[in-house]
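K.L.:
I would like the entire structure built from these sequences, with the hints used as guidance.
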Amino acid sequence: MMKLILSLTLIWTLSTTAEVLKCFVGEGSSSSSQTCEAGEICAAVARKVDGKKTSAKCVPSSLFSVGNHTLSLNIGDGSVTAAVRVCDKDDCNNQTIPFPDVQEKNNLKCFTCDDKSPPVCNKTVQCEGVQDRCINGINATSAGKYAFFGCVSENLCNAARLEFLMADKGLDQPKCCKGNLCNSAWSVQLNVIPLLFGLFTLIFY
1 MMKLILSLTL
11 IWTLSTTAEV
21 LKCFVGEGSS
31 SSSQTCEAGE
41 ICAAVARKVD
51 GKKTSAKCVP
61 SSLFSVGNHT
71 LSLNIGDGSV
81 TAAVRVCDKD
91 DCNNQTIPFP
101 DVQEKNNLKC
111 FTCDDKSPPV
121 CNKTVQCEGV
131 QDRCINGINA
141 TSAGKYAFFG
151 CVSENLCNAA
161 RLEFLMADKG
171 LDQPKCCKGN
181 LCNSAWSVQL
191 NVIPLLFGLF
201 TLIFY
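Residues in the sequence shown are numbered from 1 upward in steps of one, following our numbering.
Think of the hints as simulated: they come from the structure by calculation, not from any bench. Quantities reported herein were computed from a predicted structural model and do not represent experimental measurements. Be aware that a few hints might be false.
[To be verified] Label-pair ranges, simulated between beta-carbon atoms: (1) N106 with S184: 17 to 23 Å; (2) S142 with E37: 45 to 51 Å; (3) D90 with N158: 22 to 28 Å; (4) G67 with V20: 29 to 35 Å; (5) N122 with S142: 16 to 22 Å; (6) K22 with V120: 32 to 38 Å; (7) S184 with A140: 34 to 40 Å; (8) D50 with V20: 31 to 37 Å; (9) Q34 with Q126: 22 to 28 Å.
We treat Cβ as the ideally placed atom computed from N, Cα and C, and that holds for glycine.
P.N.:
In structure tokens, the structure reads:
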């Protein structure tokens, strides 16, 4: 029995070790090859937020499948879109990927918030491109709680993935829905800040 346990432990250790990848990590041309944590895979990112930027990163395989992804969020004041290419071979993200296409307006409208204090979230925003869902939620940070309403691509309706993309973790049950103006407008006793420059910074710094 002891030999069996030791054999199984060795097999598990070897299989775990084999799954650890090396990926390029960093911003633009300054990225370098580094060893990721177990369970992470590689990603190359081209994003449009405050200009165009590229980066490379290790990402949890539980959040991103291998392949190409377009992530997009619009909270009224602007729109953030990122192209992400995820791969599972050593240093496979040492590549330049194209920036997302220009996001043309689509037929979906969602509620968003004004910049008054307290904010009233009964303004509407025209969604763009892959933004096919409406979203509302609260982001709790050390500086306070902030409401965010707007348009989002369906692949960002995963709460863990959306939280992982934001600079401040602390999302309070963000809710996505399908259909015009489905993200019920409400007046909230919270601050509203431009989240666009915080998005994609934690994982795609």
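K.L.:
Each hint: holds or not?
P.N.:
Checked hints:
{"no.": "1", "hint": "N106 with S184: 17 to 23 Å", "verdict": "21 Å, holds"}
{"no.": "2", "hint": "S142 with E37: 45 to 51 Å", "verdict": "25 Å, violated"}
{"no.": "3", "hint": "D90 with N158: 22 to 28 Å", "verdict": "27 Å, holds"}
{"no.": "4", "hint": "G67 with V20: 29 to 35 Å", "verdict": "21 Å, violated"}
{"no.": "5", "hint": "N122 with S142: 16 to 22 Å", "verdict": "29 Å, violated"}
{"no.": "6", "hint": "K22 with V120: 32 to 38 Å", "verdict": "50 Å, violated"}
{"no.": "7", "hint": "S184 with A140: 34 to 40 Å", "verdict": "20 Å, violated"}
{"no.": "8", "hint": "D50 with V20: 31 to 37 Å", "verdict": "33 Å, holds"}
{"no.": "9", "hint": "Q34 with Q126: 22 to 28 Å", "verdict": "41 Å, violated"}
Of the numbered hints listed earlier, those contradicted by the structure are 2, 4, 5, 6, 7, 9.
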